[in-house]
Each structure stands twice: as structure tokens, then as C-alpha cells.
Amino acid sequence: MNKELENSFVELLEKHQNIVHKVCRLYTNNQDAHNDLFQEITIQLWKAYPKFRGDAKFSTWMYRVGLNTAITLYRKSKRTIKTQEFELVSFKIKSEDYDDTEEQQLKLLYKAVHQLNDIEKALVFLYLEDKNYSEISETLGISEVNARVKMNRVKKKLRTILNP
Amino acid sequence: MDELELLKKDWQANSAREDQKISSKDIYPMMQKKSSSIVKTLFYISIAELLFWIILNSYPYFASAEYRAELTAMYGGNSMILLAITVFSYAIILTFVYLLYKTYRTITVTDNAKKLMGKILKTRKIIKYYVIYNLVMAFLSISFGLYYSVYNNPEIAPQFAKFNDKQMFVATVLMVLFTGIFVLVFWVFYRLIYGILLRRLNRNYKELKKLEV
Numbered sequence: 000m001n002k003e004l005e006n007s008f009v010e011l012l013e014k015h016q017n018i019v020h021k022v023c024r025l026y027t028n029n030q031d032a033h034n035d036l037f038q039e040i041t042i043q044l045w046k047a048y049p050k051f052r053g054d055a056k057f058s059t060w061m062y063r064v065g066l067n068t069a070i071t072l073y074r075k076s077k078r079t080i081k082t083q084e085f086e087l088v089s090f091k092i093k094s095e096d097y098d099d100t101e102e103q104q105l106k107l108l109y110k111a112v113h114q115l116n117d118i119e120k121a122l123v124f125l126y127l128e129d130k131n132y133s134e135i136s137e138t139l140g141i142s143e144v145n146a147r148v149k150m151n152r153v154k155k156k157l158r159t160i161l162n163p
Numbered sequence: 000m001d002e003l004e005l006l007k008k009d010w011q012a013n014s015a016r017e018d019q020k021i022s023s024k025d026i027y028p029m030m031q032k033k034s035s036s037i038v039k040t041l042f043y044i045s046i047a048e049l050l051f052w053i054i055l056n057s058y059p060y061f062a063s064a065e066y067r068a069e070l071t072a073m074y075g076g077n078s079m080i081l082l083a084i085t086v087f088s089y090a091i092i093l094t095f096v097y098l099l100y101k102t103y104r105t106i107t108v109t110d111n112a113k114k115l116m117g118k119i120l121k122t123r124k125i126i127k128y129y130v131i132y133n134l135v136m137a138f139l140s141i142s143f144g145l146y147y148s149v150y151n152n153p154e155i156a157p158q159f160a161k162f163n164d165k166q167m168f169v170a171t172v173l174m175v176l177f178t179g180i181f182v183l184v185f186w187v188f189y190r191l192i193y194g195i196l197l198r199r200l201n202r203n204y205k206e207l208k209k210l211e212v
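The listed protein sequences derive, respectively, from chains C and G.
For what it's worth, numbering that gives the first Met the number 0 labels the leading residue of the first sequence as 0, then goes sequentially.
For what it's worth, numbering that gives the first Met the number 0 labels the leading residue of the second sequence as 0, then goes sequentially.
Rather than coming from a laboratory, the hints here were simulated on the basis of the structure.
Below 27 Å or equal to it, Euclidean Cα-Cα: the simulated DSS-like pairs (lysine-lysine) are:
no.: 1; chain 1: C; residue 1: Lys-46; chain 2: C; residue 2: Lys-56
no.: 2; chain 1: G; residue 1: Lys-121; chain 2: G; residue 2: Lys-39
no.: 3; chain 1: G; residue 1: Lys-208; chain 2: G; residue 2: Lys-121
no.: 4; chain 1: C; residue 1: Lys-155; chain 2: G; residue 2: Lys-208
no.: 5; chain 1: G; residue 1: Lys-24; chain 2: C; residue 2: Lys-2
no.: 6; chain 1: G; residue 1: Lys-114; chain 2: C; residue 2: Lys-130
no.: 7; chain 1: C; residue 1: Lys-14; chain 2: G; residue 2: Lys-32
no.: 8; chain 1: G; residue 1: Lys-20; chain 2: C; residue 2: Lys-120
no.: 9; chain 1: G; residue 1: Lys-7; chain 2: C; residue 2: Lys-21
no.: 10; chain 1: C; residue 1: Lys-120; chain 2: C; residue 2: Lys-46
no.: 11; chain 1: C; residue 1: Lys-56; chain 2: C; residue 2: Lys-120
no.: 12; chain 1: C; residue 1: Lys-21; chain 2: C; residue 2: Lys-155
no.: 13; chain 1: G; residue 1: Lys-101; chain 2: G; residue 2: Lys-33
no.: 14; chain 1: G; residue 1: Lys-114; chain 2: C; residue 2: Lys-50
no.: 15; chain 1: G; residue 1: Lys-39; chain 2: G; residue 2: Lys-118
no.: 16; chain 1: G; residue 1: Lys-33; chain 2: C; residue 2: Lys-2
no.: 17; chain 1: G; residue 1: Lys-33; chain 2: C; residue 2: Lys-46
no.: 18; chain 1: G; residue 1: Lys-208; chain 2: G; residue 2: Lys-124
no.: 19; chain 1: C; residue 1: Lys-75; chain 2: G; residue 2: Lys-121
no.: 20; chain 1: G; residue 1: Lys-8; chain 2: C; residue 2: Lys-156
no.: 21; chain 1: C; residue 1: Lys-130; chain 2: G; residue 2: Lys-118
no.: 22; chain 1: C; residue 1: Lys-21; chain 2: C; residue 2: Lys-106
no.: 23; chain 1: C; residue 1: Lys-21; chain 2: C; residue 2: Lys-130
no.: 24; chain 1: C; residue 1: Lys-56; chain 2: G; residue 2: Lys-114
no.: 25; chain 1: G; residue 1: Lys-124; chain 2: G; residue 2: Lys-101
no.: 26; chain 1: G; residue 1: Lys-208; chain 2: G; residue 2: Lys-114
Take the sequences, apply the hints, and build the full model.
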């Protein structure tokens, strides 16, 4: 591999690394597993990079490779199983309308999202990332209508997890 | 407010975490590491399967002249039949190698999720057919070998010659049964390996397929 390609890849990944971190946060429960998955996604991105064409946005391309790695390719390593769960996000909303109940609700919501299955997580992830249904359907390989139907079901499921 | 909207607001406001940020100098070594993906594992397993059956089938033939002579005798002293069977079995192996190579080449991480899963499962199917082929062949050759021994082996044949029809029938049933169990144990073992390895992939693929109905 030539150095130029390597450098351009590293530069792009460094810039957009947050996408990978977010995938890892959704699909793993602790820092070790997070790093493990981050590593695997990086390898997959790098392997596919020579075929990456500038006509797609690098970030869009990353969503696909990242999710594919998390859902399909990644095999959980042994050391990721029995470790303490870490807090998902620090819920410090620094706005004026900060209130305690909202924070509680968010905590529950993140927990509920973690209980979803892999495909449902992917849907929620793309939704949270503000992707439209046509992008969601293309990434997962399902029709737009089915993506909508599934999303509504996921919303319902989240509601039942929150209010049993 | 919709729960997901609340989540979205927080997700977008707080998802950039400085403490997890990785610098470019950390990325370079990561790129050089070996992948531990399921495709890699499947690839190694398929190579191991190919080698296992090739060695199992050819080792005795090349290692022992006695076995070779016996085999030739089994086919009525006609080494042409033996040669034909050997050529046939290697042709089958080569076909499987070609098919595996072809499907592995089509697996790309930039496909959509469903396509990617479908292609991986297709690869696994080819390995499965290879295993089935070998188990069927193992069943046939063990059965044929036993049948041959019963009538032609100088140590075993005289004992069987004393059997009446009923005893012969029971002996045949037992032999077929034991061969069957032997092959079945192998099969269960394979199912277990792939079942564990591909459990998550199968589950996710089913989940996506379910959406189409």
C-alpha cells in the first residue's frame, strides 16, 4: 500500500472517528469491547478503502462499513463478556431547561436501546444520526416502507420497555 | 415529547466524547493488525475442512503399500476403477475450492447489511455441501469396505460364512447402524461448530428477512 493512500485514510478516519465511536458505544458494553470493535472497524475500513470512490461521502461510507462490521463481521472476544458495564453517556445537558426527570428518562432510554436486538439498534442509530428512510433502507438492504414499519415497531418496543 | 426525539437531542449534543478520541498515531498500528472477523474464521475453517478430508482420504493410500494392494483387490484387481474414483474425488475437491474462492471474492463489507449476510451464509452453505459430500462418501466406503471384508477378508469371512440368514441380517443391520451413528456423530459435531459460530449472523439475517414478509 502506498504511503499517500495510508495518510489520506488516517486523516479521514481521524476526522470522522466519532461515527465509529458511536457504533461501538451502541454495540458494546465496556471500554475493552469498545476498543476491540473500534479496531476491527478500522481494519475493515482500511481494507475497503482502496475501492472507496470519492462519489460517496466518506462519512456515509463509514456508516455502512461500521454497521456491517458491528452486526455481521465482528465476533465478540472472550474478554468482552464478563466485565462491568460502563455508563453510556454522561448526561450533562448544559442547557437552561436542564431538569432531573429528563436525565432520568434519558438514562432509562439508553438502557432500553441497549436491550434492543442488533438490527433494531442499527435502525435507531441511523435515526439518531438523522438519516432519512431512503438511506436507512439502503444501508440495511430493506425497503423504505419496511424500514418505516420496523422503526414504528421499535418505538413501540422502547415505550413498553420504559413503561412496563 | 416523543422519547426518541429526546434521545436524539441528547445523542447529537453529547455524542462527541473527548476522552475516547484517538489520534492519527494510534490509527497507523491499528491498520496493520489482523482482522478477527467471521469471514476470516470461516475462511480458515473451510481450508481446514478441505485439508482434513484430503489427508484423510489420501494418507492411507500413499502411506501403506498393503492398503493400496488391498484397495486394488477390492475393485476386482482393476486399478483403472480406483484411478477413476481418485480422479473423480479430486475433481470434486477442486470444484469446491473454486466455488469457495468465487464466493469469498464476492463478500464485500461495503454491500448493504442483508446482502453481506446473504453472501457469508452462501459461503457457509458451500462448506456444508462439501461436508455432506464427504460424510456420504465416508458412509458408502465404510459400508462397502465392511461388505467386502465379510465376504473376502480371510480372517473375517470364514466366521460370517457360518451365519444363517437371520444372523446375517442382524449383523448387516448392526453394521449399517454403527456406520450411520459414526457419520451422524460427525454431522452433529459440524452443526455444533457452525451453529455456535454463526448463531448471531443467522439471527440477524432472519430478522432482516422477516421484514420482507
